[in-house]
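Asker: Sequence:
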Amino acid sequence: MKPGLTSGMSHTQRFAVEEESTIGFMGEGLRVYATPFMVRDIERTCRDFLGRYLGAEENSVGARMEIDHLGPTLKGMWVEVTATVTGIEGRKASFEAEVRDALDLVGKAKHVRFVVDLAKQKERLEAKAAKLAQLKP
452 MKPGLTSGMS
462 HTQRFAVEEE
472 STIGFMGEGL
482 RVYATPFMVR
492 DIERTCRDFL
502 GRYLGAEENS
512 VGARMEIDHL
522 GPTLKGMWVE
532 VTATVTGIEG
542 RKASFEAEVR
552 DALDLVGKAK
562 HVRFVVDLAK
572 QKERLEAKAA
582 KLAQLKP
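Going by our numbering, the final residue of the sequence shown carries number 588, and the count climbs one at a time with no gaps.
Source of the hints: derived by calculation from the structure; they are not laboratory data. Be aware that a few hints might be false.
[Stated by the list, open to error] 27 Å max Cα-Cα, derived DSSO-like pairs, lysine-lysine:
1) LYS453 x LYS573
2) LYS587 x LYS573
3) LYS571 x LYS559
Can you make the complete structure from the sequences, with help from the hints?
Answerer: Next up, the structure:
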């Protein structure tokens, strides 16, 4: 990881709440921003923010998410996710996030990501795939 990322730094991204990011189980008139998409948008915001401080041979993976979905956001609105760094410990980056639509705070979260070396990650995944292949009849 490159130097420069410190606790207290923030990054904000905006996401459209389109039909595919809403719940449908309550009917067409009740489509609101779905929690799994809120998680996705928080993770994407943190990943993009952290990515600015990574080398070409690095990326990051999510390791923990604690989320409170506080209120509905209607289909057709947008949300802004603001991620704030709360700690950097070696390869571990911790964030707090707030999700707001045009009217309200609709979500809060804590998220942890780990920086990975892509070559080492590839080796780990190949080793796991090899173990899996041994289990197949």
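Asker: Any hints from earlier that this structure breaks? Give me their numbers in increasing order, please.
Answerer: 3
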